[in-house]
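J.: Starting from the given sequences, assemble the full structure and let the hints guide the process.
Spelled out from the first residue to the last, the chains are:
2 protein chains.
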Amino acid sequence: MGKVRTILLQKGVFDDNDLQARKLRDYLKSKGTFLINVMSSPGAGKTTTLVSLINRLKGFMNIAVMEADIDYDIDAVRVADKTGCPSIQLHTGGMCHLDAEMTKQGIDGLGSFPDLIFLENVGNLVCPAEFDTGAHLDAVILSVPEGDDKPLKYPLVFQKASIVIINKIDALDYFTFDAEKCKRNILENNPNARIFTVSAKTGEGMEELTNYIKKTIKEWH
Amino acid sequence: MGKVRTILLQKGVFDDNDLQARKLRDYLKSKGTFLINVMSSPGAGKTTTLVSLINRLKGFMNIAVMEADIDYDIDAVRVADKTGCPSIQLHTGGMCHLDAEMTKQGIDGLGSFPDLIFLENVGNLVCPAEFDTGAHLDAVILSVPEGDDKPLKYPLVFQKASIVIINKIDALDYFTFDAEKCKRNILENNPNARIFTVSAKTGEGMEELTNYIKKTIKEWH
Numbered sequence: 010m011g012k013v014r015t016i017l018l019q020k021g022v023f024d025d026n027d028l029q030a031r032k033l034r035d036y037l038k039s040k041g042t043f044l045i046n047v048m049s050s051p052g053a054g055k056t057t058t059l060v061s062l063i064n065r066l067k068g069f070m071n072i073a074v075m076e077a078d079i080d081y082d083i084d085a086v087r088v089a090d091k092t093g094c095p096s097i098q099l100h101t102g103g104m105c106h107l108d109a110e111m112t113k114q115g116i117d118g119l120g121s122f123p124d125l126i127f128l129e130n131v132g133n134l135v136c137p138a139e140f141d142t143g144a145h146l147d148a149v150i151l152s153v154p155e156g157d158d159k160p161l162k163y164p165l166v167f168q169k170a171s172i173v174i175i176n177k178i179d180a181l182d183y184f185t186f187d188a189e190k191c192k193r194n195i196l197e198n199n200p201n202a203r204i205f206t207v208s209a210k211t212g213e214g215m216e217e218l219t220n221y222i223k224k225t226i227k228e229w230h
Numbered sequence: 010m011g012k013v014r015t016i017l018l019q020k021g022v023f024d025d026n027d028l029q030a031r032k033l034r035d036y037l038k039s040k041g042t043f044l045i046n047v048m049s050s051p052g053a054g055k056t057t058t059l060v061s062l063i064n065r066l067k068g069f070m071n072i073a074v075m076e077a078d079i080d081y082d083i084d085a086v087r088v089a090d091k092t093g094c095p096s097i098q099l100h101t102g103g104m105c106h107l108d109a110e111m112t113k114q115g116i117d118g119l120g121s122f123p124d125l126i127f128l129e130n131v132g133n134l135v136c137p138a139e140f141d142t143g144a145h146l147d148a149v150i151l152s153v154p155e156g157d158d159k160p161l162k163y164p165l166v167f168q169k170a171s172i173v174i175i176n177k178i179d180a181l182d183y184f185t186f187d188a189e190k191c192k193r194n195i196l197e198n199n200p201n202a203r204i205f206t207v208s209a210k211t212g213e214g215m216e217e218l219t220n221y222i223k224k225t226i227k228e229w230h
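Residue numbers (my numbering), protein chains in the order written: chain R, 10 to 230; chain A, 10 to 230.
Treat the hints with caution; some may be incorrect.
All copies of an identical chain are treated as equivalent in the list; a pair is satisfied when it fits inside any one copy or across any two copies.
Derived EDC-like pairs (lysine to aspartate or glutamate); straight-line CA-CA distance at most 20 Å [claimed, not checked]:
| # | residue 1 | residue 2 |
| --- | --- | --- |
| 1 | Lys210 | Asp182 |
| 2 | Lys67 | Glu197 |
| 3 | Lys32 | Glu139 |
| 4 | Lys227 | Asp25 |
| 5 | Lys169 | Asp158 |
| 6 | Lys190 | Asp27 |
| 7 | Lys227 | Asp90 |
| 8 | Lys190 | Asp80 |
| 9 | Lys38 | Asp117 |
Please keep in mind that the hints were generated in silico from the structure rather than gathered at the bench.
T.: Written out as structure tokens, the structure reads:
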């Protein structure tokens, strides 16, 4: 199992979060560390998707994970256990999102600069989208049981994310979910969104997502 | 179809939301109107559950619905269409929750005092729990695909709600969801929570929930 720690984040004191986010992005770039911010509503499968993705990526690069939760310790342990990668649990102390300064506290807590850090943001489709964390790539996960209309109801997060992962496609037969309509709803908000349909549970579609992330990080260096 | 309007809410200006919430609760009591605040994450089935519940309750009382969304108009039309009850769409203008003053603006927009108003809060398990809307009853809906651990990850909303509705139990065979464990996780946060397991889609368990709400309103009068 990877190393696991828990830290309680302090609320950011900087007024200009966008500036702090740019600084963090540049700082991480200077260290050669690519940061991916993963957002979704509760239960969309962020942790399962990360585990599946990390196990496909870890042969190619060093990876660490930051698990943000209001007050809960299981996810970091689960990820470390299932991937062997170092993982840190970030407690937001009731806060519904992470800003760049809170993200920086997490990175300081990790105490290393791997090739890739995944930040699992608080489960919430609203607030996390309003704050730039300093990530180089923002991803949102939407799961089939949530419904194909969610990109219309929570437009900001779908505008902010450059990749959208439609998860739990193994459950497509069970729910009324029109994948093509969902894609149109995403592209209406964000014509440049790169959309992946996956099942983190069965592995379907995960290879394509893995390859995209590998390619993106290679081009970024 | 019931009457539908849309209004854009203004952010509350009162510092003391708890005081405004108590005032609103008393005001509605004086009008004989019972207010139920329904919270959940996106896609847990709030609207479907409300439609099912309203169609069971509407023979016994007058009902209106307030649908809060960041920026979306479909839910109010859907509820009005499927129940025949008046429905108002509340746009929060990006806000992740409703406070008591915003709720009051919605009630003023309705322009009537039915026996029962349902407030469908913004889809978010974090922020809505922090603000008393002035409701007489707070309910949270958790759906099977979200996972049985959510009461541990989002404790506040489960502490605030007096009733917890576990929805989409028709999908129990399809997901790894331990209903008994979920109930223990809920009761650990809130030993007084009244828990209902339902499928708004098939109608399973809806009768018990309907009877509980009828009884609660009768006792309140």
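J.: Now look at each hint and say whether the structure bears it out.
T.: Hints versus structure:
1. Lys210 <-> Asp182: both (15 Å within a copy, 15 Å between copies)
2. Lys67 <-> Glu197: Close neither inside one copy (34 Å) nor across copies (37 Å); limit 20 Å.
3. Lys32 <-> Glu139: within (18 Å within a copy, 32 Å between copies)
4. Lys227 <-> Asp25: neither (30 Å within a copy, 52 Å between copies)
5. Lys169 <-> Asp158: Classified as within: same-chain Cα gap 17 Å, cross-chain 28 Å, threshold 20 Å.
6. Lys190 <-> Asp27: neither (33 Å within a copy, 42 Å between copies)
7. Lys227 <-> Asp90: neither (27 Å within a copy, 52 Å between copies)
8. Lys190 <-> Asp80: Answer is between; shortest inter-copy Cα gap is 19 Å, intra-copy 36 Å.
9. Lys38 <-> Asp117: within (15 Å within a copy, 52 Å between copies)
In summary, the structure is inconsistent with hints 2, 4, 6, 7 from the numbered list given earlier, while agreeing with the others.
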